[in-house]
Amino acid sequence: MNSPQQDEERRTFREEASSLWLITLGPALWAVHFTVVYAATAVVCAKLGTAYLPYLRLGIAALTLIAVGAIAVIAWRSWRQWNYMTNQEYSHGQPTGEHRHEFLGHAAFLLAVLAAIATLYTALPAVFIAGCG
Amino acid sequence: MRAAVVAALLPWLSACSAPSYLGEFTEGVTALFDLGDVMRPAGREAEQIAQLAWVLFIGAAILWLLVMALFVYITKQNPRPLSRRWAEALIIGGGGIFPVIVLGILLVWTLPLMPAQRMPGDGLTIRVTGKQWWWKVEYLDANGDEANTVVSANEIRLPKGRRTEIVLAADRVIHSFWIPALAGKTDMIPGQTTRMALEPTKTGTFRGVCAEFCGESHALMAFDAVVLEEPAFKAWLAAEREPADAPRTAAERRGAEVFLTQGCGACHAVRGTPAQAQIGPDLTHFGSRLTLGAGSFDNRSAERQSWVAHAAAMKPGARMPAYASLSDEDLAALDRYLEGLK
Ligand SMILES: [Cu+2]
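Chains as they are written, first to last, in the working numbering: chain Y, 1 to 133; chain D, 1 to 342.
Keep in mind the hints are simulated off the structure, nothing from the lab.
Hints should not be assumed to be uniformly reliable.
[Said to hold, decoys possible] FRET-style restraints, in silico, Cβ to Cβ:
{"id": "1", "chain 1": "D", "residue 1": "Q192", "chain 2": "Y", "residue 2": "G131", "range": "17 to 23 Å"}
{"id": "2", "chain 1": "D", "residue 1": "G263", "chain 2": "Y", "residue 2": "L124", "range": "57 to 63 Å"}
{"id": "3", "chain 1": "Y", "residue 1": "L58", "chain 2": "D", "residue 2": "F33", "range": "46 to 52 Å"}
{"id": "4", "chain 1": "D", "residue 1": "L111", "chain 2": "Y", "residue 2": "V43", "range": "18 to 24 Å"}
{"id": "5", "chain 1": "D", "residue 1": "E47", "chain 2": "Y", "residue 2": "R80", "range": "50 to 56 Å"}
Given the structure is predicted, the values throughout are model-derived calculations rather than measurements.
In this text, a Cβ means the ideal position worked out from N, Cα and C, and glycines have one as well.
Using the sequences and the accompanying hints, generate a full structural model.
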């Protein structure tokens, strides 16, 4: 039988397991977006030609909207988890559940902001470059 | 203190608002640091690149000065802890938001320049093939008739104000075609053709180089790009299309004979004579080239004779045999002949 204390730890751990997802999801979305945009552009330019570029651009625009939207959701959730508005806390150095929780939220938030900027920068060439050459 | 800074900056700021002062400033810096052809553009692409470089350079200088000024202010003028709000504004604003905006603006500004750099030409097409260590230059016929191609070497001439399409190829190893005053460089790759376009905005002679290491004489693989007004260019191309002038003097006739008997025609072409090989540079109008050995030596009598006697001693690895056993008279006659190939 587990002691109540062990159960408690497991529950905290499970909760933080989901914030580990939160932390990786922002950069992962950027990576997927990046790969799809570059691969799709290469394939369209090599196989279909310039005539299909408008469709490609529309596709990239849609994909970018979805990716940035999803990253925004992640950013919002991690912002809430960081809980900055209530305690204005920047450092989470103590070995307590609350500090761990807020630290992971804080890190996930910063990574999400970075991922959003990177995703937008990835999409910019598709807006401004008109040809395959 | 603050008033002093503003007073020091004012003349500079007002100078910036007048484009001519800015031009003088950039010219002065170019001359002072000998920045060379890249910063003294004579072509459409190169102008864009130079403008970009100036904006980045001046922008970076201003930012650096501002950061240093802030640094001095915080550590020397007013060394006390910042309030939390100011510290946050400085770190998040100065370290995050400001760079993201500046980089975003630069990206949005520069990305549309890229297609312009690759725009196709509007008339003439020149095919340049990189060899070890010289350039085969072919002016293609407007109607695509290969028989009408004008073959030349080691020098390229361009009409000012026109956009000339440049098709690039390579013989055995990678080279890169670069005329810094006119445009960025483009690689020449064996088994592939690459392309670019050159749109000169000024007449003159500009240096071109191979910008990709291609073997022992890579550093001696250069050429001249001569930009002419369009009528002058047309006249030149018509002359270049013609076969070589027949030798006029006794010495030139002797030279022509030596040329054929020594087997120079096994590698070189002089159109209008039995010499028709394409292994080395076409010599039909060699006498009117500005340089010898692919932009590496002056095209003068002494250099020409020394080249024929022992080319590889002047240019390591050069794929032309030494004719050290030729008599001085034969060398001199060859020299007369080569010079006469106008
Ligand atoms: Cu080369």
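Results of checking the hints against the structure:
Between D:Q192 and Y:G131 the Cβ separation comes to about 19 Å, which falls inside the hinted range of 17 to 23 Å. The hinted range of 57 to 63 Å is satisfied by D:G263 and Y:L124, whose Cβ atoms lie roughly 60 Å apart. The hinted window of 46 to 52 Å between Y:L58 and D:F33 holds, with their beta carbons roughly 47 Å apart. The hinted range of 18 to 24 Å is satisfied by D:L111 and Y:V43, whose Cβ atoms lie roughly 21 Å apart.
For the pair D:E47 and Y:R80, the supplied restraint of 50 to 56 Å holds, since their beta-carbon distance comes to about 52 Å.
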